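Trainee: Next come the chains, spelled out residue by residue.
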Amino acid sequence: MQVEEEAEEITQDVFLSVFRNAAQFKGDATLNTWIYRITVNTSLNYLKKRKRLSFMKFGESEVDKPDFEHPGVLLENKENAKILFKVIDTLPESQKTAFILSFVEGLPRQQVADVMKISLKAVESLLQRAKGNLKKKLEKLYPHRRKT
Amino acid sequence: MSDNENQEKWIEDVLGSMNKSERARPKPDLFTKIEQQLDKEGAIAVPILWRRVAAAAAVLLLMLNGLAIQQFSQSNELVPGEVTLEDTYQQSLISDYKIYD
Chain S
1286 MQVEEEAEEI TQDVFLSVFR NAAQFKGDAT LNTWIYRITV NTSLNYLKKR KRLSFMKFGE
1346 SEVDKPDFEH PGVLLENKEN AKILFKVIDT LPESQKTAFI LSFVEGLPRQ QVADVMKISL
1406 KAVESLLQRA KGNLKKKLEK LYPHRRKT
Chain F
16 MSDNENQEKW IEDVLGSMNK SERARPKPDL FTKIEQQLDK EGAIAVPILW RRVAAAAAVL
76 LLMLNGLAIQ QFSQSNELVP GEVTLEDTYQ QSLISDYKIY D
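Here the protein sequences line up with chains S and F, keeping their order.
Residue numbers for the first sequence follow the working numbering, so the first one is 1286 and each next one is one higher.
Residue numbers for the second sequence follow the working numbering, so the first one is 16 and each next one is one higher.
Hints were generated in silico from the structure; no laboratory data involved.
This list has only true hints and no planted wrong ones.
Subject to a maximum C-alpha distance of 27 Å in a straight line, what follows is the list of computed DSS-like cross-link-like pairs (lysine-lysine):
| # | chain 1 | residue 1 | chain 2 | residue 2 |
| --- | --- | --- | --- | --- |
| 1 | F | 24 | S | 1420 |
| 2 | F | 35 | S | 1421 |
| 3 | F | 24 | S | 1425 |
| 4 | S | 1381 | F | 24 |
DEER-style ranges, computed between Cβ atoms:
| # | chain 1 | residue 1 | chain 2 | residue 2 | range |
| --- | --- | --- | --- | --- | --- |
| 5 | F | 77 | S | 1357 | 57 to 65 Å |
| 6 | F | 86 | S | 1395 | 51 to 59 Å |
| 7 | F | 78 | S | 1390 | 45 to 53 Å |
| 8 | F | 72 | S | 1341 | 49 to 57 Å |
| 9 | S | 1339 | F | 75 | 52 to 60 Å |
| 10 | F | 54 | S | 1334 | 22 to 30 Å |
Being a predicted model, the structure only gives us computed values, none of them experimental.
For glycine and all other residues, C-beta sits at the position ideal for the given N, C-alpha and C.
Make a model of the complete structure from these sequences and hints.
Mentor: Below, the structure is given as structure tokens:
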């Protein structure tokens, strides 16, 4: 989530969801993984809802939103991170999820697989495709960057 | 460094720009907000819990009643040769009538 208020809203929803569904936690995954799974699903649902709403509201497109600045990024990486988040946004949902969990959250591949309920091989394949797509997008952005 | 190499390096830098980054921290009042919401949820959740307890108690009561009825009916079945309380009562009545014999 790239807007602070939205991130807060989702955090609250995740806590409530954990509270409501605590009895359904079977222990087949770690608690950490289970909460990550709830967070990913809540965020994806929220994004879908927002997309539907913005589609109905004329003139307010997703392109209009400002560049995202992650609050935890190192000062020297700020500009590059802005570009990274811009291109991450263009990835298909599953590639985006795998990439963010691996390279932004820094989760081990196996945990990413557990959160997404897919195999380790599938995660590696998603990450490979995500990196390939990101490189293609960045190659197109590079000449523009050189001019600036 | 050639232009191609520069481009490659830049792309790698962008892809690795989240390395060593810290986690985003929430505003200090977020936890209080969540606690307040959980309190509201808790107030709704208690009656549901009590309804479940009441249902379980009702089932237990029915089972105990069933068991008691079953045991009572089994103990009331006559065993040949056994003297029942009723027999003793009738005998004492009969003996009472012969009081002046």
